[in-house]
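Visitor: Residue strings, one per chain:
Number of protein chains: 2
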Amino acid sequence: MLEKTTRINYLYDFYQSLLTPKQQSYMSLYYLDDFSLGEIADEYGVSRQAVYDNIKRTEAMLEEYEEKLCLFDKFQKRNKLLNGITEALKTDSPSKQALLEAVAELEKLD
Amino acid sequence: MLEKTTRINYLYDFYQSLLTPKQQSYMSLYYLDDFSLGEIADEYGVSRQAVYDNIKRTEAMLEEYEEKLCLFDKFQKRNKLLNGITEALKTDSPSKQALLEAVAELEKLD
Chain A
1 MLEKTTRINY LYDFYQSLLT PKQQSYMSLY YLDDFSLGEI ADEYGVSRQA
51 VYDNIKRTEA MLEEYEEKLC LFDKFQKRNK LLNGITEALK TDSPSKQALL
101 EAVAELEKLD
Chain B
1 MLEKTTRINY LYDFYQSLLT PKQQSYMSLY YLDDFSLGEI ADEYGVSRQA
51 VYDNIKRTEA MLEEYEEKLC LFDKFQKRNK LLNGITEALK TDSPSKQALL
101 EAVAELEKLD
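In the order they appear, the protein sequences are chains A and B.
For the first sequence, our numbering begins at 1 and goes up steadily by one.
For the second sequence, our numbering begins at 1 and goes up steadily by one.
A portion of the hints provided could be inaccurate.
[Unchecked claim] If you anchor each label on the Cβ, the simulated ranges turn out as follows:
1) E87(B) - K77(A): 33 to 43 Å
2) E43(B) - G84(A): 41 to 51 Å
3) E63(A) - T20(B): 12 to 22 Å
4) L100(B) - K74(A): 17 to 27 Å
5) K80(A) - E101(B): 14 to 24 Å
6) Q76(A) - L100(B): 42 to 52 Å
7) R48(B) - E87(A): 23 to 33 Å
8) C70(B) - P21(A): 27 to 37 Å
9) C70(B) - K77(A): 31 to 41 Å
10) Q97(B) - F75(A): 21 to 31 Å
11) Y44(B) - A60(A): 42 to 52 Å
Source of the hints: derived by calculation from the structure; they are not laboratory data.
All C-beta atoms in this analysis are idealised placements derived from N, C-alpha and C, irrespective of residue type, glycine included.
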């Protein structure tokens, strides 16, 4: 059984445009619409094993893209910095210096 | 003659990890080290035309990646927002509201 993880959901979100239409369909049915492997197999008239293999390969591709482009990793780092800035701005007298440093960190992420 | 543009330099920067080692070599010699097509051809013992065709194809691939992932486009937008935040923070009393809006824009870019 494949593990339906949040990580794969995110990776799919970032890299789906690099996948083939068939890979996109299987992934989207499995991860977004929560179909089972058997239901996807029925839908496409292929074996459950074929669907499993395809999704498994696609997941490996997504991890390879992440290794090369680090979009999910950068997204998480960026998010953390942006949350920090938002929190700081909500306080009475946020430190400008700290905010400028957070902005500099954000610039370095690109 | 290929035009050595800043845009291609940026696209190469963002997507080079998705290229083959040979594509990376040609692109890096041509765009970063400013070799001529003839010099690269000599270096690799291939025709000038072969180098030209390879670089031309690679440039098209970079544009396709940009169409799919928009990393350069998002980088530019992010940069503009970050510069705006930096400028605002350098003024005497930056508007918290404007800063929070810029941060929200940054969050939307991911």
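Visitor: Hint by hint, which ones does this structure get wrong, listed from lowest number up?
Guide: 1, 6, 7, 8, 9, 11
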